[in-house]
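Work out the full structure, taking the sequences as your base and the hints as a guide.
Protein sequence lines correspond, in order, to chains A and B. The opening residue of the first sequence carries number 1 in the numbering used here; numbering runs sequentially from there. The opening residue of the second sequence carries number 1001 in the numbering used here; numbering runs sequentially from there.
For the record, the hints were derived by calculation from the structure and aren't laboratory data. Treat the hints with caution; some may be incorrect.
Claimed, not checked - Pairwise CB distance ranges, derived in the manner of DEER restraints:
1) D1075(B) x G276(A): 40 to 50 Å
2) R1181(B) x E294(A): 43 to 53 Å
3) D268(A) x E1033(B): 45 to 55 Å
4) I1211(B) x N277(A): 23 to 33 Å
5) A1243(B) x P279(A): 20 to 30 Å
6) E1151(B) x R34(A): 48 to 58 Å
7) P30(A) x E1125(B): 54 to 64 Å
8) E226(A) x D1075(B): 54 to 64 Å
What the hints assert, rightly or not - Derived list of chain B stretches under chain A, where covered just means 3 residues or more per stretch with a C-beta under 8 Å from a C-beta of chain A:
9) 1041-1050
10) 1059-1071
11) 1138-1147
12) 1190-1202
13) 1234-1243
Unchecked claim - Mimicking DSBU-like on lysine-lysine, the simulated pairs with C-alpha atoms at most 35 Å apart in a straight line are:
14) K1129(B) x K308(A)
15) K312(A) x K1201(B)
16) K1062(B) x K1248(B)
17) K313(A) x K1129(B)
Just so you know, even glycine gets a beta-carbon here, dropped at the ideal spot from N, CA and C.
Chain residues, written in single-letter form:
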Amino acid sequence: MEERNVEELERRFQEKIDNDIRIEPNDWMPDRYRETLIRQISQHAHSEIVGMLPEGNWITRAPNLRRKAVLLAKVQDEAGHGLYLYSATETLGADREETIDDLHSGKAKYSSIFNYPTLTWADMGAIGWLVDGAAIMNQVPLCRCSYGPYARAMVRICKEESFHQRQGFEIMTQLAQGTPQQKEMAQDALNRFWWPALMMFGPSDGDSKHTQQSMRWKIKRHTNDELRQQFVDVTVPQAELIGLTIPDEDLKWNEELGHYDFGPINWDEFWNVVAGNGPCNKDRIDTRRRAKEEGEWVREAANAYAEKRRMKKAS
Amino acid sequence: MNALFEYLLRVGDDSLILGHRLSEWCGHGPILEEDIAMTNIALDLVGQATSILKYAGEVEGKNRSEDDLAFLRFDRDYRNLLLVEQPNGDFGMTMMRQFLFDAYRKPLFEQLTNSSDSQLAAIAEKSLKETKYHLRHSAEWTIRLGDGTEESHQRVQEALDTLWRYTPEMFIDDEIESELRKTGVTFSVEELHASWTKIAKEVFDEATLVIPDNNWEQSGGRKGYHSEHLGYILAELQYMQRAYPGMKW
Chain A
1 MEERNVEELE
11 RRFQEKIDND
21 IRIEPNDWMP
31 DRYRETLIRQ
41 ISQHAHSEIV
51 GMLPEGNWIT
61 RAPNLRRKAV
71 LLAKVQDEAG
81 HGLYLYSATE
91 TLGADREETI
101 DDLHSGKAKY
111 SSIFNYPTLT
121 WADMGAIGWL
131 VDGAAIMNQV
141 PLCRCSYGPY
151 ARAMVRICKE
161 ESFHQRQGFE
171 IMTQLAQGTP
181 QQKEMAQDAL
191 NRFWWPALMM
201 FGPSDGDSKH
211 TQQSMRWKIK
221 RHTNDELRQQ
231 FVDVTVPQAE
241 LIGLTIPDED
251 LKWNEELGHY
261 DFGPINWDEF
271 WNVVAGNGPC
281 NKDRIDTRRR
291 AKEEGEWVRE
301 AANAYAEKRR
311 MKKAS
Chain B
1001 MNALFEYLLR
1011 VGDDSLILGH
1021 RLSEWCGHGP
1031 ILEEDIAMTN
1041 IALDLVGQAT
1051 SILKYAGEVE
1061 GKNRSEDDLA
1071 FLRFDRDYRN
1081 LLLVEQPNGD
1091 FGMTMMRQFL
1101 FDAYRKPLFE
1111 QLTNSSDSQL
1121 AAIAEKSLKE
1131 TKYHLRHSAE
1141 WTIRLGDGTE
1151 ESHQRVQEAL
1161 DTLWRYTPEM
1171 FIDDEIESEL
1181 RKTGVTFSVE
1191 ELHASWTKIA
1201 KEVFDEATLV
1211 IPDNNWEQSG
1221 GRKGYHSEHL
1231 GYILAELQYM
1241 QRAYPGMKW
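Shown next, in the form of structure tokens:
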């Protein structure tokens, strides 16, 4: 009897999805849908928070006051995105602190791009242009995600991301039009961030274990490879426009398909970084863990103070 | 010496250097909400530094931009308070430094909104709005930490004990102040000090913190005699401009 009930609920759930009716926090949903969303949204939240570190690395060294202010504003946006996204996971019953602990223990993942170091100022340009550019490709379809709170959070996030992408491209343009030293700095950043940016879309469709189910649930609307292709097609002309060279000898326009063909991605590197062996994985997690540990007494004090106030009010 | 130029450097450098210090916190805050708040305050301070130093450059009349002034002066030419260049320490130290400063800047900007120099008055008016919010934030944290747990009380009291010696420098009444006061550009330092003392006392009372009885004063920043910390701040701040001179970013 109960089993039939669940089947019926699942049928109605899928029907809603098929009719593009949004799922809201109090609606019935399959456990696996809930788990998939918590995993994906918290991964996204962690990426925003860890992503503050490589850019935060350059705030105190930004080359002028305007760039410093823009970078500060960008990193602040990222913290804000993290906050909405953690709140979205809370609508699914996840606990923010536990979610963060999973990041610190290595159980939860985040975008592996943030495990690469930011070595020069040009990396602020490359991250904005390529990393935020790739993020937008991934995230625009999420504005139509079947889960209401996530979709709505993404609408706001995407607006800010597109500003981030523009400021990154503007940094790169300025460098590419600058002195030979600046142009070299820009090209070097592109060389280092191009392939990791392509890896941001995740494994190839054949190797992606979550894609199929996520597409049926309309959490995802396009496959990893489709999005990656779209990113390459949009970004290559941008690089040409500012006179930088994409570091891929196999890259060429395919007239027949109307797409760029590009060379093979080094998936060994990708899986290695995902597994924790990227250049900065340990630093990033250690930094986040330390921030939490060193802030423990502050959070305790805030709670103790709030409790005292409650007691005072009650008496 | 151009008194107004010198004065603008003081106000502008305070914003610049404290903004720099706060931005060091980015990504390391005790809670996400504080990462957002501290970044936001840093952003306001950098914005203030930009408009004040831009105006300073105009007043000086030597064709120096806000970036020239922020990034290309030498250590002894900075005019910020010693207080704002002090290291972040723990969150309690950072909030105490911020509170001591905000409680000075709010009445300062209130005064300056009436300045006979219309551009300074306009800058003060905009900055005052931001500073009111900064003060509310740092005062709330001072109270929360002071009256929180035993540990937080002790930490923030130690921060007050450490930073107290740098507070008299905010109220030094020198020839720059007296000259500008003559033409109504600036106002009574004594009144400013009284306003600051009132705010500080109220907050410390509520926070159960004790004002140190050690009245040893440490000053020099306004004349360009800094602590050893400033050199390292400038090494970071100026890195790009020094390593790649004359380039556009």
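* To do: Tell me if chain A covers the region 1234-1243 of chain B under the three-residue, 8 Å CB rule, please?
  => holds (count 5)
* Asked: Can the restraint linking K313(A) and K1129(B) be considered satisfied, given a maximum Cα separation of 35 Å?
  -> Satisfied, since the Cα-Cα distance of roughly 31 Å is no more than 35 Å.
* Given the hint of 20 to 30 Å, check if A1243(B) and P279(A) actually sit that far apart at their C-beta atoms. => Taking Cβ atoms as reference, A1243(B) and P279(A) lie about 23 Å apart, which means the hint holds.
* At the C-beta level, are P30(A) and E1125(B) separated by a distance inside 54 to 64 Å? -> holds, 57 Å
* Asked: Does the Cβ distance between E1151(B) and R34(A) fall inside 48 to 58 Å?
  -> violated, 39 Å
* Asked: For the pair E226(A) and D1075(B), does the Cβ-Cβ distance stay inside 54 to 64 Å?
  -> holds, 55 Å
* Is it true that the CA of K312(A) sits at most 35 Å from the CA of K1201(B)? -> holds, 22 Å
* **C-beta pair D1075(B), G276(A): status relative to the range 40 to 50 Å that was hinted** => holds, 42 Å
* To do: Go check the region 1190-1202 of chain B versus chain A for me, would you? Three or more residues, Cβ under 8 Å, otherwise it fails.
  => violated (count 0)
* Asked: Per the coverage rule (Cβ-Cβ under 8 Å, at least three residues), is the region 1059-1071 of chain B covered by chain A?
  -> holds (count 4)
* Take the region 1138-1147 of chain B, compare each residue's beta carbon with every beta carbon of chain A, and decide whether three or more fall closer than 8 Å. => holds (count 4)
* Do the alpha carbons of K1062(B) and K1248(B) lie within 35 Å of each other, as the hint requires? -> holds, 20 Å
Hint violations for this structure: numbers 3, 4, 6 and 12, all remaining hints satisfied.
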